[in-house]
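*Asks:* The lines below spell out each chain.
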Amino acid sequence: MLQNRLLNVVFLFLSGLILLFIVAPLAGMFLKTSVSAYVDTATDPQVMSSIRLTLFSSLVGTIIFGIAAVPLAYLLARKNFPGKSIVNGIVDLPVIIPHSAAGIAILGVFGRNSLVGGVGESVGIQFVGGFAGIVVAMAFVSIPFLISAARDGFAAVPVKLENAALNLGASPWRVFFRISLPLAKRSILSGLVLMWARGLSEFGAVIIIAYHPMITPVLIWERFTSFGLKYATPVAAIFVVVCLVIFILMRLLSRDPLHARN
Amino acid sequence: MLEIRNISINFKDFALKEVSMKVEPGDYLTLLGISGAGKTVILEVLAGLLKPDSGQVLWNGKDITSMKIQERPVGLVYQDLSLFPHLTVYENIAFALRCRKFNKHSIAGKVNELSKLTGVGHLLERYPGTLSGGEAQRVAIARTLSADPEILLLDEPLSSLDITLRAGLINLLKEINQSGKTIIHVTHDYDEVATLSNKVAVIENGKLVQSGLTREVFRNPANAFVARFSKSKNLLPCSISLTREGLLLAKVNDQCQIYFSGTTNSKAGFVVIPAEDIILTEKRVDSSAMNQLEGTIKETWLTSAGVELLVDAGAEFVVAVTRVSFEKLHLHPGQKIWLSFKASAVKFFGD
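Residue numbers (the working numbering), protein chains in the order written: chain A, 1435 to 1696; chain B, 4 to 354.
A portion of the hints provided could be inaccurate.
Stated by the list, open to error - Subject to a maximum C-alpha distance of 27 angstroms in a straight line, what follows is the list of computed DSS-like cross-link-like pairs (lysine-lysine):
no., chain 1, residue 1, chain 2, residue 2
1, B, Lys202, B, Lys254
2, B, Lys184, A, Lys1594
3, A, Lys1594, B, Lys20
4, B, Lys25, B, Lys210
5, B, Lys20, B, Lys104
6, A, Lys1513, B, Lys345
7, B, Lys270, B, Lys286
8, A, Lys1513, B, Lys210
9, B, Lys71, B, Lys54
10, A, Lys1594, B, Lys15
11, B, Lys104, A, Lys1594
12, A, Lys1619, B, Lys104
13, A, Lys1513, B, Lys202
14, A, Lys1594, B, Lys236
15, A, Lys1594, B, Lys71
16, B, Lys350, A, Lys1594
17, B, Lys236, A, Lys1518
18, B, Lys236, B, Lys345
19, B, Lys104, A, Lys1518
20, A, Lys1594, B, Lys301
21, B, Lys270, B, Lys301
22, A, Lys1518, B, Lys54
As the list claims (entries may be wrong) - Per label pair, the in silico range of CB-to-CB distance:
no., chain 1, residue 1, chain 2, residue 2, range
23, A, Asp1526, B, Asp66, 44 to 50 angstroms
24, A, Ile1531, B, His108, 32 to 38 angstroms
25, A, Phe1611, B, Gly171, 53 to 59 angstroms
26, A, Ala1590, B, Asp66, 35 to 41 angstroms
Stated by the list, open to error - Covered by chain B, according to a simulated footprint, are these stretches of chain A (three or more residues, beta-carbon under 8 angstroms):
no., segment
27, 1496 to 1506
28, 1595 to 1604
None of these hints come from the bench; they were simulated from the model.
In this text, a Cβ means the ideal position worked out from N, Cα and C, and glycines have one as well.
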């Protein structure tokens, strides 16, 4: 009993320290900024358009790359094939490599002198210094979050249910869209939210491929290096608030109260 | 007609060995065996969920061993039912109909008809997670019937139900079979076999040990395993010796020896003495019965057919008598009693 109490005290103390470690810098950032600085920043068109660009480009990346990533997650959850562990490793690569290095690597494929970049430019899609480049860089670093969430979601759907559907005469397409996908929906939605959230916080990879148009993380960095902490903090604070609000809203929306019982 | 020919599958720790059987249209076939015997494996081979290493499955003469799951003429009701948790009962039943592109009107009509047959009409708006075991079982059967399979495969459909729900479901299964549907039903319960099926196949350790008409199989069990399943009372392990008179003597233990007729090369095995073939008398009587044993009544209990008694006569015997005899002899626990039965009533299964 005494030992239990000791354990509780130690664990609670350490847990509190970690929570403080996360919350304190953010709280400091909010409290250090004056109300007038908030107002000025919130009405600064450069800040607002940068926040819109950031949210939108991450959303576009999440949707476009998510469509192909979900089938990949399904294959990884369901099929056994030679080299599967290598594929799983490849999927996690973007999380491990430094993001500036990721930016350099993306530039190699989507740069002006590369094949993809050249083709893109000939049809009017500009990657370097363009919206498309931001989307690609954000998706590159954030897609592992979607794939692993969706893979776990599909893996949790009993194969028996899919077999039962086949036995009832369903085609494999119908089984996927009517059984597997709806049952893995929560995990996929939560993966999409994570991917989107991770994408919009990306700095390293984006700044290498597109300094302009300026996404908010780049804008914060630019204001910090050019004007100092005082000018960077309100932008950072407002961006964090916007992200948090949207993140919480999407989390709530991706909850599924109707079928929670099952 | 469905025919299984020499199906074998090897797993790491289990193998199904050369199983063959035939199922005629309208049959109610039970696959009987203890858990892990390979009964479910047979169903999964029929449903196409497992591919046998060798052997064939034929449907009306056509080889369907490699046919796609969704094209097979069988409908499988899993033991865990595998209802779709995100769909209502209505949508679960309608699933197969939607696969077959029925229009809305016919889907509603068919779901209505099946839910009436299975008695789940009041549950259509519910989700599977909110159903009781018996309700879910009925929904699973309705869902499988909606695909209109030629053969219904049932994996332990009654095992999770209490006794009143079992009776209802047994009636439903009988009704479905009587309407012409062929059923293959996996079970480990002799009562289900006896109540439902016209044919039985007994599976032991991945092998088919006996199959045929249910009453034939249990009247003439091929080995002790089958005999044990048929709830043969008085199945006693014994060693065997030959008497000077040419009769065989089964030694159950030092106090209990049983004569029986026939021939065997086995040195040991099991004897079965049907509970109905044992005669009870208050005193030893001279009769043609070779076996006369004195014992003490330990317990008595009522059955649907009369009364059964547990008698300790060196070994424990169950004896069945009518209620009239029970009262006439004033039988009661503690009473000394003589058991007699003919040598020809004893069945022997050698090891």
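*Asks:* Has the given pair, lysine 1594 of chain A with lysine 301 of chain B, been kept, meaning a C-alpha gap of at most 27 angstroms?
*Replies:* violated (49 angstroms)
*Asks:* CA of lysine 270 of chain B to CA of lysine 286 of chain B, is that 27 angstroms or under?
*Replies:* Given that 27 angstroms is the threshold and the Cα spacing comes to 33 angstroms, the pair is violated.
*Asks:* Straight-line Cα separation of lysine 104 of chain B and lysine 1594 of chain A no greater than 27 angstroms?
*Replies:* Roughly 23 angstroms separates the two Cα atoms, so the pair holds.
*Asks:* Given the hint that lysine 1594 of chain A pairs with lysine 20 of chain B, test it: the Cα-Cα distance must not exceed 27 angstroms.
*Replies:* holds (25 angstroms)
*Asks:* Is lysine 1518 of chain A close enough to lysine 54 of chain B, meaning Cα to Cα at most 27 angstroms?
*Replies:* It holds: about 23 angstroms lies between the C-alpha atoms, which stays within 27 angstroms.
*Asks:* Has the hinted range 44 to 50 angstroms been met by the Cβ atoms of aspartate 1526 of chain A and aspartate 66 of chain B?
*Replies:* holds (45 angstroms)
*Asks:* Straight-line Cα separation of lysine 1619 of chain A and lysine 104 of chain B no greater than 27 angstroms?
*Replies:* holds (25 angstroms)
*Asks:* Taking only the CA atoms, is the gap from lysine 1594 of chain A to lysine 236 of chain B under or equal to 27 angstroms?
*Replies:* Measuring from Cα to Cα gives roughly 39 angstroms; hence the hint is violated.
*Asks:* For lysine 236 of chain B and lysine 345 of chain B, compute the direct alpha-carbon distance and say whether it is at most 27 angstroms.
*Replies:* Distance of about 16 angstroms is within 27 angstroms: holds.
*Asks:* Does the alpha-carbon distance linking lysine 71 of chain B and lysine 54 of chain B stay inside the 27 angstroms limit?
*Replies:* Answer holds: lysine 71 of chain B to lysine 54 of chain B is near 11 angstroms, not above 27 angstroms.
*Asks:* Are the Cα positions of lysine 350 of chain B and lysine 1594 of chain A separated by 27 angstroms at most?
*Replies:* violated (44 angstroms)
*Asks:* Using the Cβ atoms, figure out if phenylalanine 1611 of chain A sits within 53 to 59 angstroms of glycine 171 of chain B.
*Replies:* Check failed, 36 angstroms falls outside 53 to 59 angstroms.
Checked against the numbered hints above, the structure violates hints 1, 5, 6, 7, 8, 13, 14, 16, 17, 19, 20, 21, 24, 25 and 27; every other hint is satisfied.
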